[in-house]
Structures are given as structure tokens and as C-alpha cells.
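Chemist: The residues making up each chain are set out below.
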Amino acid sequence: MKKEDIGIGVGLIILSIWLFWYVGRYRAFEIYIYGPDFFPKILAVMMAILGQSLIINAVLGNSLKMGDRIDPKGFIRMLISIAICIGYLFLTNILGFATATFVFLFVLMTFLKQKGLFIRIFGSLATAILVWAIFRYFLIIPLPEGWLF
Amino acid sequence: MQFDLLFGAFGKVMLDPINFLFVFIGVTAGIIVGALPGLTATMGVALLIPFTFGLDPVRGLIMLLGLFSGGIYGGSISAILIGIPGTPSAAATVLDGHPMGKKGLAGKAIGMATIASFFGGLMSALIMTFCSPQIARIALKFGPPEFFALAFFGLGIIITVSGKSILKGLISGIFGLMITTIGFDPLSGCPRLTFGSIELLGGITFIPALIGLFGYAQVFQEIEKILTLPSVKSELKNIIPKLNEIKSVFKTMVKSMLIGTFIGAVPGTGCDVAAFVSYGEARRSSKHPEKFGSGILEGVAAPETGNNAATGGAMIPMLTLGVPGDAVTAVLMGALTIHNFQPGPLLFKDHPEVVYPIFAGMIVAQFVMLGVGLGGLRFFARIINIDRRILTPIIFLLCIVGSYVMRFSFFDVGVSLIIGIIAYFMNYYGFPGSPILLALILGPMAEQNLRRSLIISHGDPLIFITRPISAAFIIIGIFIIITSYYRIKKAMEREALASIAEKEKVD
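Chains A and B, in that order, give the protein sequences. Here the working numbering is used: position 140 in the first sequence is 140, and no number is missing along the way. Here the working numbering is used: position 186 in the second sequence is 1186, and no number is missing along the way.
In short, the hints are calculated from the structure, not lab data. Among the hints, erroneous ones may be present.
[Stated by the list, open to error] Below, in silico cross-link-like pairs of lysine-lysine (BS3-like), each with a Cα-Cα straight-line distance of 27 Å or less:
1. B:K1255 with B:K1490
2. A:K113 with B:K1102
3. A:K113 with B:K1103
4. B:K1164 with A:K115
5. B:K1489 with A:K3
6. A:K65 with B:K1225
7. B:K1490 with A:K115
8. A:K2 with B:K1255
9. B:K1291 with B:K1489
10. A:K73 with B:K1225
11. A:K73 with B:K1102
12. B:K1225 with A:K113
13. A:K2 with B:K1164
14. B:K1490 with A:K2
Small disclaimer: the values here were computed from a predicted structure and weren't measured.
Sequences and hints are given; from them, build the entire structure.
Modeler: Next up, the structure:
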């Protein structure tokens, strides 16, 4: 993981320099020297030191071996699932929590290739109703409402 | 201590079926609330308080105490089964509990968590009953330097939860501390790193961050590998830990119980700090620290004993001084006030008819929790046998709902998702998520008290050394950091040599 560690180390140093500069603007609001910029500046310095250590560690050949690599097809599957999730969040305010949840679970189970239409329908419906009922009647916590419920 | 009143209170709680029923309802409700990610014991107690208005005060209070104990324990169930801590105090349980679940030992892990929680909760309830005033006197001596020293001590645990790379663990910890600086500065009120966003003025809320780090990251990895990962069937036989297994972790449980009770008794800390410190100490003092994180019983016993021990500890300053030990006891104080009882030294003198049933209720709740937990073991263990293609979307849903209900905010869901994506990549590049969580818990306490201490001392850092309790924590913290570093490094080298020898043998 030598190249990755060096890249991350450089990124951390850049982040630290930016943070140290950015929080300097807060000095104007505070008369004490231990103002809002004090702690972030300490952290920025510590992060820069650690970033440098990561680079030195990598150059000396002490980086950990990379374990599993990200599977490209799996990664795309993950991104699509996130897109389904974002669609679900929009739907909750339109259809209502329980209905949107049923749709979300059914679509996601189908996308993940769960076999058995009945299991998918029953599983999605039961979970949506159970979660809705727990929050509505047991915990009395309001969930988003829409045209349906 | 008036033993006749104490025994009378036990009789009232245990022998009156209605009182016993309310303890049972509280514990069961607490376990359910605790097991649902995003819901906390604090929220559960707050939600149940209105139900106690029409009840006899004793009944209402013992139900809330049952929920407190059950809620802290309940977080371990989802931590072990699905890798998402149900409550922040179960975050350390994930480290060994979930790997045990993946090995098909979910039932045994939950069994151990149940017994450890029972032991920690019972012992701390007994300490609360017999030693409250003495412990409260020490806890009251904590000022800003002591709180900073305690945070420093807690942050030193990062070394022990860093996994294979201590350097990357430290980087994660500092990153977590940076996140805590977003929002209003607690001392001056200046908004920091909000970039003009109103939603960020309150900072990154803890629960969405917790769900992002442990929940979404886990879900994304599952979805990525869902077609290739083999299914794991949980063992349903021998799920209650054997006597020799409990014996092997007993010393750790005793240590964690003492750590948890003491940390719980310090106002402003909580069960989550107790869990991590207990886990860190168990790993540091273990003969085989390299085994922690791979799924061992000790790694479940330590945090679960610590976090439930903190429940009794947190009650001590609340009852004796009127100062809450943590967020849950702050809400419990509200419950006492609603029923016209003022927590503090006079509560013992003026209302022993409330105090002694609280002691008895807390102790009885531990037994009820043990019964419900062990009774439900087979059912809990079966959950992990559900097909991944059904379970993963349900977990995904629980993450969304859990991150939403804290503030009824889709912004929090978005923040949680982003943290989850970052944590997903962090896992691949060897950066652990637990140090970030530890930093989120202790960061605000560390910053506020560091600055307050330096303002009090006019910039003199010796304030941390000249006060005895603060100095003790700083010295112990440095000792733990150094010894943990060397022990873990040695253990990693031993493991590397063993795997090279194994490879040579095979060749």
C-alpha cells in the first residue's frame, strides 16, 4: 500500500495547512489566546506530523499489505444502491414513510437478486409495517407523511 | 444505611406482581430501544416519562430504571448481529462481538454480553446502594483539569483500538477530533467550519456519525461483496457460555466493573466512555492483545461489563448530589422532579420511601435483564441466519431511520451517508473507525476543559500536574499509551513471525 499511503500522507498535509490557515480568521472574535482557533490549530499541526510520518513509513517500506481490493462491479452495485436510497428519501415525503419503505425494500431486494417474488413482497411489507408501527404506536415518534401512509 | 428499609423495598419490588411487571416492561422496552440503531437509552427514558405521570412514583421510577439498564445492554444485540451498535455504549462491543457473529458464534457472543452486563450492572448497583456518599465525594473534586486529564486518558485508548496500524489509528483519531470542531465553539459561541450552512451550526451530531461509521460502511461492504461472500449459519447449540469460559474472563469483568462504576460516577462522562476504557484496558493487560478484534469472548465481556457498570455509577452523583452522571440520569432527574422529589443529599433523609426502592429496583432490573436476555438468545441468534439479500436492505433501512429520528432531519441522513462512504474507503486503506468514534465522544470534553484549564491558570500547563487527580490520570494515561504501544507492537511481530513459520511449513 506504498503509493496509497504516500498519496494519503500528502493529502493530510495539504488538509492540515488549509485548516491552520482557515481557522486563523476566528482570532478576530476572541480576546483570549485560547480562542476558537486554538484547538483546531493544534490538531492541524498534529495531523501534518502524522501525515509526514505516514509518508516516511511508506518510503521505508513499512506500509501494511493491501488486504481485499475493491471489486469494481461490487462498487458500482454499491453506488446504485445509494442512488436507490436517495430516491427513497425523496419518495417518503410524496408517498409517506410506510409505502415508500415497502417500495425501497422491494426494489433493493430485487436489485440484490433475492429470489422468490413472494418472499420479497412479504419481507418488504412486513418490515415496512413493523417499523412504521413501532415508531408510530410504541415510540410515538413522527415519521414523514405523504399522500398514502 | 437502614437495612430494614432496604429489605422492605426489595419485598415491595419483587413480591408485588404489579411492581415486578413494571420492571419487566421497562427492561424489555429498554432492550428493544437499545437494539434499534439510532435510538438511545436517553431517548427511551425521555419517551417513557410521560407514561409515568399517572403512576405511583415508585412504579414509574423502577420502570425507567429497568429501561436504563435494558437499553444499555440492548445495544450489544445489534452490535453483535449486524455490526451496528444500537447505542453509543455498544460501539466497543462491535470490535469483537461482530467478528464472533461472522464466525457463527453470535449466540455465544450475546450470551456473554448478557452475563457481563448482568455482572457489571448488579455489582455497580450494589456499590451504589452501599457506597454512594463516599464515591460522590471523590467525583465532586473533578474540575476542568481533571476532566481534560480524563479525556486524555480516554483518548490514549486509541492506541489499543487501532488494529494493525497504530499510526493510522492516530490519524483516524485526529480526524475525529477535527470533526468535533465543526459548529458553535462551546466557549465563545463562534461558528467554526460551517461554511455558511445553518444545519452545521450544531455540529456533526453523534448518532448519525456513529451510524455512518459502523452502519452504512458495513452495509456498503455487504452490498459490494454480496454475490461472493459465503453465508454464515449461527450455531444454535451451546450458546450460553460455559462456566470455564466465564471463569477465563472473570478477572477482566471485575476490572471492567470497577472502571465502569468509577467512570459512571464522574459527572458528564457516560457508559460509552466506560465501555471503551474497559475494552482498552482489557486489551492492554491481556497476554494476547493481538487476538482482540478477531472475535474473542474477552473482547465482548470487557466493554459490556464496563458500560452496564456505569449505569449504577451514574446514579451515584445524581442521588447524592443532584448532579447527573450522564445524559440518561439527567433525564431521570427530570422524572424525579416531575414526581416532586428533589435529587440531592436531602432525598435520602426526606424520602427514604423512594430512595430504597430505587436501589432495589436497580438490582432487580439486572436479574430481569439476565432472564430476558438469556431467554431470547435462540431468537436473537436466528436473526443472523436470515438471507443476506433480505437482511442487508433491512439494515440499510434501519440506518436511514436511525439517522433521521435524532433531529427529524434529512440533513443528518445525508451526513451519515457521506461519513459511511468515507468509512467504507477508510476500511480498505487500513484506517480504523473506532478511534473516530472515541474522538467524537471525548473531543468536546477534551477541548473545552483544556481551554478552561489554561484560562484558569493563565496559560500555565503545570495546572494538569499540580492537581493530584489530574496528575494521576495524565501519568496513568502516558503509562498506558507506552505499555500498550510496546505490547501491541510485540504481539504483531509475534503474529508476523508465526505466519511466516506457518508458510514455510506448508512450503
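Chemist: Has the given pair, K113 of chain A with K1102 of chain B, been kept, meaning a C-alpha gap of at most 27 Å?
Modeler: holds (22 Å)
Chemist: Given the proposed pairing of K73 of chain A with K1102 of chain B, does the C-alpha separation stay at or below 27 Å?
Modeler: holds (23 Å)
Chemist: For a C-alpha distance cap of 27 Å, please report whether K2 of chain A and K1255 of chain B respect it.
Modeler: Violated - the C-alpha atoms of K1255 of chain B and K2 of chain A are around 40 Å apart, more than 27 Å.
Chemist: Has the given pair, K1291 of chain B with K1489 of chain B, been kept, meaning a C-alpha gap of at most 27 Å?
Modeler: Distance ~13 Å between K1291 of chain B and K1489 of chain B Cα, so the pair holds.
Chemist: For K1489 of chain B and K3 of chain A, compute the direct alpha-carbon distance and say whether it is at most 27 Å.
Modeler: Roughly 24 Å between the alpha carbons, so the hint for K1489 of chain B and K3 of chain A holds.
Chemist: Is K1164 of chain B close enough to K115 of chain A, meaning Cα to Cα at most 27 Å?
Modeler: violated (39 Å)
Chemist: Please work out if K2 of chain A and K1164 of chain B have their alpha carbons no farther apart than 27 Å.
Modeler: holds (16 Å)
Chemist: For a C-alpha distance cap of 27 Å, please report whether K1490 of chain B and K115 of chain A respect it.
Modeler: violated (49 Å)
Chemist: Please verify whether K65 of chain A and K1225 of chain B have alpha carbons no more than 27 Å apart.
Modeler: Holds, at roughly 20 Å.
Chemist: Would the hint linking K1490 of chain B and K2 of chain A be met if the CA-CA limit is 27 Å?
Modeler: Holds, at about 23 Å.
Chemist: Keeping to a limit of 27 Å between CA atoms, is the pair of K113 of chain A and K1103 of chain B held or broken?
Modeler: Roughly 24 Å separates the two Cα atoms, so the pair holds.
Chemist: Given the hinted pair K1255 of chain B and K1490 of chain B, is their alpha-carbon gap at most 27 Å?
Modeler: holds (24 Å)
Comparing the model with each earlier hint shows violations of hints 4, 7 and 8; every other hint is respected.
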